[in-house]
Each structure stands twice: as structure tokens, then as C-alpha cells.
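Chemist: Keeping the supplied structure of chain A fixed, place chain B upon it in accordance with the hints.
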Amino acid sequence: MNILIPHHWLLEQVKTQASPQKIQEYLSLCGPSVENIVKVGKESVYNIEITTNRVDSMSVRGVARELAVILPQFDIPAKLVKNTLSFSSLKPTTRELLPLPKIRNNAKLSRRIVCIILSNIKRTPTPQWMADRLTQVGMNIHDSAIDITNYVTHELGHPIHAFDYDKIMKMGGEIIVTKARKGEHFITLDGENYQAVGGEVVFKNPKGTIIDLPAIKGTMNSAVDDTTKNILLWMESIDAEKIRFASMTHTIRTVAAQLAEKNVDPHFMEPTLVRGVQLYRELCDAKIASELYDAFPGKKPAKTVGLDLNKIHTYLGIELPISKIVTILEKLQFRVKTLKNTLHVTPPTFRQDVTIPADFIEEIARVYGYHHLPSVVMPTRIPLTKPKNTHFAAEETIKHFLADLGWQEVYTYSMVSEVLAQQSGYSLQAHAKLANPLTDDKIYLRRSLTPSLLAVIENNPQKTAFSVFELANVYQPRPNTLPDEVLRLGLASTKPYRQVRGDVEALLKKFYLPPLTVKVDEVTQHGQLMVGKTAIGTIQVEKGRSTTAQLDFHQLLPIIKTHPSFQPLPKTASVIEKFTFTLPINTAVGPIIDDLQVLDRRIKSVVLTDIYQANHTFLVEYWDSRHNLANEDVRPIRRRIVTLVEKTYRAKHVGTVQ
Amino acid sequence: MVSVSLEDLKAKIHQLEQQLQEDQVLDPQKLQTQYLGKRGLFNTLSKAIKHVSPQDKRVAGQLLNAFKTSLQTRLQQLSDQHQSTPWVDLTAPGIQPPAGHLHPISQAIEEISRIFAKIGFTRVRYPEVDWDYYAFESLNMPPNHPARDEWETFFVEGPVNKQYGKIVLTPHTSNGQVREMERLKGKPPIRMINIARCYRRQQDVTHTQMFHQFEGLVVDKGINIQHLKGTLDYFAQEFYGPGTKSRIRPFHFQFTEPSFEVDFSCHICHGTGQIGQRRCAFCKSGWHEVGGAGMVHPNVLKAGGIDSNQYTGFAFGWGVERTYTLREGLNIDDIRLLYSGDVRFLEQF
Chain A
29 MNILIPHHWL LEQVKTQASP QKIQEYLSLC GPSVENIVKV GKESVYNIEI TTNRVDSMSV
89 RGVARELAVI LPQFDIPAKL VKNTLSFSSL KPTTRELLPL PKIRNNAKLS RRIVCIILSN
149 IKRTPTPQWM ADRLTQVGMN IHDSAIDITN YVTHELGHPI HAFDYDKIMK MGGEIIVTKA
209 RKGEHFITLD GENYQAVGGE VVFKNPKGTI IDLPAIKGTM NSAVDDTTKN ILLWMESIDA
269 EKIRFASMTH TIRTVAAQLA EKNVDPHFME PTLVRGVQLY RELCDAKIAS ELYDAFPGKK
329 PAKTVGLDLN KIHTYLGIEL PISKIVTILE KLQFRVKTLK NTLHVTPPTF RQDVTIPADF
389 IEEIARVYGY HHLPSVVMPT RIPLTKPKNT HFAAEETIKH FLADLGWQEV YTYSMVSEVL
449 AQQSGYSLQA HAKLANPLTD DKIYLRRSLT PSLLAVIENN PQKTAFSVFE LANVYQPRPN
509 TLPDEVLRLG LASTKPYRQV RGDVEALLKK FYLPPLTVKV DEVTQHGQLM VGKTAIGTIQ
569 VEKGRSTTAQ LDFHQLLPII KTHPSFQPLP KTASVIEKFT FTLPINTAVG PIIDDLQVLD
629 RRIKSVVLTD IYQANHTFLV EYWDSRHNLA NEDVRPIRRR IVTLVEKTYR AKHVGTVQ
Chain B
2 MVSVSLEDLK AKIHQLEQQL QEDQVLDPQK LQTQYLGKRG LFNTLSKAIK HVSPQDKRVA
62 GQLLNAFKTS LQTRLQQLSD QHQSTPWVDL TAPGIQPPAG HLHPISQAIE EISRIFAKIG
122 FTRVRYPEVD WDYYAFESLN MPPNHPARDE WETFFVEGPV NKQYGKIVLT PHTSNGQVRE
182 MERLKGKPPI RMINIARCYR RQQDVTHTQM FHQFEGLVVD KGINIQHLKG TLDYFAQEFY
242 GPGTKSRIRP FHFQFTEPSF EVDFSCHICH GTGQIGQRRC AFCKSGWHEV GGAGMVHPNV
302 LKAGGIDSNQ YTGFAFGWGV ERTYTLREGL NIDDIRLLYS GDVRFLEQF
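As they're listed, the protein sequences go chains A and B. Per the working numbering, the first sequence runs over residues 29 to 686. Per the working numbering, the second sequence runs over residues 2 to 350.
Just chain A, with the same shape it has in the complex (with noise of 0.2 angstroms):
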């Protein structure tokens, strides 16, 4: 949460001359952090970030509490203005008392409750100096009665409400905490119709209306209006779980529910509502026209926790004089007893968030300052068990190696549209669907990398050439469990098919692999890539003409190497023979070759070189490891060549074989 505090109403708080810059590097050091400093007017104004858990520095004097402390660490004087604001100084200022309506609260509800009636209040315009720190603060303007609340909630912390006193006296005279039944209205002060949940908290007369929606916002049947003569001023304390459940529920996120769903300290209502009605005197005539109420069933007996000084030393890694560590925390108004190496330390009761010795040790670390510490790398043990199924090594490999092919790496969305779902081969409901998406494009947890690159392809229409890869996940639900991550290679290029299937190839020589071998689906025309018996990944030639492929990180991992098996340097010569036949159309090449590898022992190679209309041109080696080979040993080899492919594919020789 950010808050908005101008210089000015800081300094009614603490005294000091620091410079708005000064402040804003100090506080941001030690304290909340300033994020930047906006001038309204000739006023500075601090936007200051406050985090979840100090809620208790959630306006003008809970930052001012911080100043106090944190600036005469750099050796400037900060003093925070004393509070006068008592209880014992509001007395009935009339002789016509009005009665105060009856009061059922449940404790488990509400730790809380104080209200007094002001009688008597004259509508006035919202002073100028109010308007002007209203407005800096960013909030609309209103009449006095109205802005005063927001002012004071602002200005001390705690969310105040003002209640037509007439309407609730009208309603029955009564305020019964409770919780609300499902299906019950309500209409916020703003004319906006609400239907409960059931369970929120709410206050409701005795015929079962719900006259308020307590530190969220009021309801229009108990609002202060333009005919609003008397207000019953008013504060609760409720269950901080049950006001964020309602808040979120119906998404009303005001001030005051940001404030009551992190527990406020209901010992702030004191100084709130006290200067509240102070200003209801001066600004609109009120009188005091009842006696305060206030019932505060859920007090909490301040808890004292024990701090070794070793663990201060253990987490700051210098030893910090206990007398330094005392004055901190004393400034911080905690209470402190040393007893040999333990302090007992007790938080005041707005620093609820102050609980463990870590809690503590920061609490000193901070205001001692970090910046005072040393920076050193640790001495400590480097661990050496590493996790199984990663090899960060060859993911790196593989991306830079595409990229020198000239691939071009683009990461896409993990989540993807219906239609690229669709894409993937798998129906929706086999995809993993997220149950709050942002936005139509990116609604199912993507099965195949292979629509999101053809995607890019498509979306780079100027680029004529083009070869895009990307390394990530696929997700495949699973019942009751998560869904399996499968890390995959996805390649997509408008390139021929043999050329993307050599890039392939030359990849996985990269990591000194068996040649590939590709199974077709006669169905689909998918290819399958196989690597000796393990099956790697799929290919195929996409409508479009592009040729796609995916290649599965996992099936590669137990399989690839860092080195090859060297083979002694060959001490005979091979024999190189080209052969070209005509094949009929629509024959494929690879059983050709699978065929004539396994020929004959003395075939070492068979390379296709070219392909010219129906003549495929193929360069096929022999040799043998224990002699040079004559032409008499390669003839019957060369016949049975021609014949095997002749016969099996009924192809037709060009040439004559010797």
C-alpha cells in the first residue's frame, strides 16, 4: 500500500529540519521506502510505500513515529510532537444529552467499539487548509462533516465513521454486531446494491435490517446526508479476517477495509476519535451531546518475548554493544528488561508484527542500518549434490549451436487462445485451463510448442526465409496431481525438409549420437526421430510448407555425451563409388540406404548427393580395416548393389556396372 504524506502535515508530528530530500534517502534507508517525492502546489509530497505488515505507519503519525527515530541516526534532530489527545478530555458540552443507541456486540467479532454523539453540527464548507491537504493526499472533497473522518483516518490511523445519529435512533436505537445471513441487501452509502455471502460482518437494527457494513463502508440507510443534524462518531474493531473476506468478496477495497483487514491497533481509536471531535467542534459547532462509549472486551495482554544476543550476533555477524541495542529498541517504544545474555522485550501494542527474535533483529538492524555492515561473500560449505533430469550445459549447447545454424531463438507464451489448443493435435480438454485467465489469448496451458512458433512464422510475413526455435515446457494434466512438465525443443523454418532434418542431425553429432532415423505413420506422415531404439522426437511438413519438429529434452538427456568413443585413424584406404538410379516417383530414399548399409561389412557409408528429376545419386564407400580393397574385391559388392536396388525398388541403373 502507498501513502501520501505532505511536508507539512508531517512536520504537525515531528519536529525537524530535515529537507523533504533528506527525509526521503534517510526513511527510505532505514524505514519505509519514499518512492519519489510529487509537488503539489508549492507543497512536497511524500509517496511513500508502506509494507503489509505496519499498518501502524499507515498515516501522518505513523510515519512521523518512524522520522523520529531514524533521523537522528544520521545526526539530525527529529522529536515527535507529544500526544495530548485523551479520552478524559471529552465531557458533554451541552445540557440537552441525547441517548445513545443501544450497543450488542459480540466480541468474537469486534475487539471494540467507541462512539459519542455530536449534536448540533452545522454543514459548513471543508476549510481551505483541509481542502488543500485533502487534495494533496489525493482524495475528493465534501462538506467538513464529511471530510473530517477522512482527515483524521489520515492523519492518526485508524478508520473513523460518522453515522446519521436520527436514521439510527429511527431504525430502532439500536446496533447489533452480527454476521450476515446469504442472499441479504444492502445499499452502500454510494446507491450500489449489494447481496451478502453470508458470513461478512455487519450491523443490523432489531427488525434484521443491515443499517452498516463496519470498516468497509457504510450503508446508505444509517449515512450521514444533507439533512444530517446529529452523528454518532463511531469506531469498530473487527475480526481482520472477516472484513478482508468481505472487502474481497465484493470487491469494496476502501482505505479503511486496506487498514481493518491488517489488524489496526484499537488502542489508535483514543487519539482518532478525540481529534475528530475536535475538529467537529471547530469546524461545523458540534457539541458533545452523550457520554463516550467504550467497551473493549478483546484487549490483549502485551506479550514479552525473550532475545538472545547471540542470535542478534548471529544474523548481523557483528556483535552489536547491548547499550546500542537497548536505546534502538527503547526508540522504538518497546519496553526492555536485560537479563545476562537475554533481553525481554515487549512491543507496543501497535507493533503486533513484532513476534519472533527475527522480528527484533531487524527491528535493530534497520535502525543500527544496514549500510553500516560488512559485504562478504560467505566462507561457508559449497554443496555438491546436484539435481537429477537438468543439464543447464547442453540447454545452453543446443540454443547456441541453432543460432550459429542461423536459428533464430524466440520464447513464447506457456499459456496459449482455444484456436492455438486446438493446434496442438489434443483436444481442449486436454489441456490444463487456467480459472482466472487475464486475457483470450493465453487461457490453456499449452501441449505443443509447434502453433506458438508456426505463430511467429506468421507473424514475421516480411521475413521469406525464416527458422525460429524455442526451449520450454509442455504441460500434459494429470489426474489429482500437477500437470507433467515436459521440457521439449521446438523448431519450426520455411527450409526444405532435408535441410531442417540435417540441422537436426548435425545437433545431435553436437553431442556424438548415432545417426538418426526417421519413422514414418503412413496415416499421418509424421515423421518419428529416432535414435537407435530411443524414440527423440517427431518431424513433419506442415500445410503451410513449413517443416516443423519437436524434440523431447528428456528422451535426449540419458542419451547424449560429452565426448565421443575415438576410433583408431584407418591404416587402409577407402574406395569411393558413385551410384545413380532412376526410382520410380514417390519412392522413399531411406529404406534405400538402411538397405545398403547393412549390405555387406566392407559398405562403410552410403551418402545421398543429389537428386535430379527421378535420378537419386548415391556416394557409397567401402573399405576394409585389414587391407587396402582391390577392384576384384569391390565388383561382386558393386553388382549386388545394383541388383538389390534394381530388384527391391524396381529403380533402373544409369550406367553399366563393371
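Think of the hints as simulated: they come from the structure by calculation, not from any bench. On a predicted model such as this, the values are computed, not experimentally measured, just so you know. Certain hints may be false.
Taking CB as the label site, the calculated pair distances span [claimed, not checked]:
#1 B/D308 - A/K352: 26 to 36 angstroms
#2 A/G572 - B/I96: 28 to 38 angstroms
#3 B/I96 - A/Q556: 34 to 44 angstroms
#4 A/K589 - B/P243: 50 to 60 angstroms
#5 B/K188 - A/P542: 35 to 45 angstroms
#6 A/K561 - B/P243: 47 to 57 angstroms
#7 B/Q203 - A/S593: 49 to 59 angstroms
#8 A/F420 - B/Q203: 25 to 35 angstroms
#9 B/I96 - A/F420: 28 to 38 angstroms
#10 B/D308 - A/H591: 39 to 49 angstroms
#11 A/R678 - B/I96: 42 to 52 angstroms
Think about it this way: if two alpha-carbon atoms lie no more than 25 angstroms apart in a straight line, the pair counts; the simulated DMTMM-like pairs of lysine to aspartate or glutamate are [as the list claims (entries may be wrong)]:
#12 B/K167 - A/E446
#13 B/K167 - A/D336
#14 A/K50 - B/E290
#15 B/K246 - A/E63
#16 A/K270 - B/E138
#17 B/K222 - A/D387
#18 A/K461 - B/E151
#19 A/K270 - B/E151
#20 A/K461 - B/E138
#21 A/K414 - B/D343
#22 A/K414 - B/E183
#23 B/K246 - A/E53
#24 A/K331 - A/D387
#25 B/K167 - A/D387
#26 A/K461 - B/E153
#27 A/K491 - B/D343
#28 B/K163 - A/E513
#29 A/K416 - B/E112
#30 A/K210 - A/D267
#31 A/K359 - A/D336
#32 A/K130 - A/D267
#33 A/K538 - B/E112
#34 B/K246 - A/E513
#35 B/K31 - B/D81
#36 A/K315 - A/E202
#37 B/K222 - A/E347
Chain A side only, calculated, beta carbon under 10 angstroms to chain B, not exhaustive [stated by the list, open to error]:
#38 Q52
#39 V484
#40 N488
Backbone N, C-alpha and C define an ideal beta-carbon position, used for all residues, glycine too.
Modeler: For chain B alone, coordinates are given in the frame of chain A:
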């Protein structure tokens, strides 16, 4: 005809060799004809073999063959020396091979991994789609805790697990903390770096629904705030260059205590916010906010089976995009470009 002895032949060969010494300044083309032409000096000499006695003929043949080879070699050398290089236009532009590019995020991740590897961090990978338990609850954030508002979390449709809760797209890499403690069965030392895709329900010029974080976690006996500072300073110097400093300021996270906001000094104005008399336009205040850090909360250690009385630890987690785009001169002002797949952007990296 007088018979020719081997000595005569040797003398003649020697004579021709000497003559070539003197002739080598002449045009190599002419020398070729003069020495090795049909009616050249060598052929004339070789005719002498007819007059060599039969018993010396074999040796004479060898002598002549050797001489011919040396002549050929020598003349080739002379010809090579004489030949001039053809004219090449050295100002003509080069023809480049088709080079692809690593995505900038890959480049950043690689560099970050390398920097942390040097000081003993092990890179790990944990689920991107994980249980609420690992993303929140084990990190000291029970369901409905207001602190969860900071993480605009995506949920996955499906049944809720009794033990682990809902399935979420991880809104940060911190889900790796308790998972890493579990992997090591609660036995430190831990020094891990977890880099992964993260997801949040937000989208504008500085936010994308998908982004990347890197998370460091160190747990052992005697780990303190100084070690966190040391690690941050080391990273800042390695990634942004010498002289870059880090600073930590108080913050709040449920899963660390104390918690910090981490800033790096601006490497352009060196943390002063000023360049001469002018305000530094790059950082505005001398510092860049990069992310969060803190000492691991005892409850998180407990969730990971580690005794917080014996061990302490620190953790940090920042956006890769944010860390990367702070680099001087990079000038990426809309991070959505990173995931747009627009080649005009990608090919610049």
C-alpha cells in the same frame, strides 16, 4: 660418337644448374621453354644417355630423373614468385553466413548462471505450475493472507488437493525454496540458483503475463546479512561492471525476516543521481530497485525440515527482465517486445 661417362654427365648437370642460377632473373615462361621445352636444354642433355655405357645406364637414368624433378620444382617456384595476385576489391562488402540469435533472456540467464556458478551456486529447476503450498503456504503465507495480494496469481482449474491446495502458475521462483530443502532432505549446505518462467495477472509496458525470475537461496550454519550483501555486491559488479554497488533497505515479505529491498547503484552516475550539474536521466536517484531479499524466515526453514536454531539462510529473487533491461544503452522501454516474436526486435540481439 664419343661415349659419355657418368662424371661427364654429372659435370653437365652441374653446369646447367649454375646456368639456371644466373638465368633465374629472366621471364619464368621463357625459362620453362628454354630448359624443359621439347628442344630445351634438358632434353638435349638427356639425349646423351644413348652414349652412356650399358652398365652405367641405370644410374645415369636416375641422375637425369632427379635433375628433371629438381628443375621442375625450381622453375615452378620461380613461376610462383613471379606471378602477381589478381585484383580483388577489398572495399566490397562481406557476404555473411545466415546467423541466428539467442533470445536476450537466454543471454541474460546464461550470464546470471555463470556469475553465480563461480561462487558455488548450483542451478536447479522446479515446477512452473506448482501447488499453492510451495508457492505460498510453505512460505509462511496461509490462504487469504493480505500479503498474497502482491502476487497477482493465476490458478489452474481442477480439484483442490487436501494437503497442497490449489494448482497455481508460479508467481515467483520462491516455490523452489522449500522444494530445494526437501531435495536435500533438510540437510544444508544449500547454495542454489533457481531461474524459471513466472506468471502474474498483469500486463502493461513494464509487465507481461509471463516473465522470468532468478532466486538465490543459501542455508548453512552462521549465514548472516553480511553474506547476503557480499553476494549482492559480487553480482552487481560482475553483471553491471566494476564499481557497481548494491544496497539493501527494509521491506517486508512473509517468507523472510528481516526482509530487504535490493537496489543497485546506477552505473552511469555511480549512485550519485547527478551527471555534472544535471540529474541522471537513466536512474533519477542514483539507484535502481531490482527486487527483494531477506533472511529466510524460521517458519520456511521449518517447512523444509531444517532446524532454525542451528541454521540460518538468506534468499533473494529478482526479475530477469528488470535486471537485464537496466543495462546501459540497452534502451528497451516496452518489455512486451521480448515475447512478441517480432524478428525485427529479436535480430538485434
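Chemist: Which hint numbers does the structure go against, in order from smallest to largest?
Modeler: Checked against the structure, the hints that fail are numbers 4, 13, 21, 25 and 34, while the rest are satisfied.
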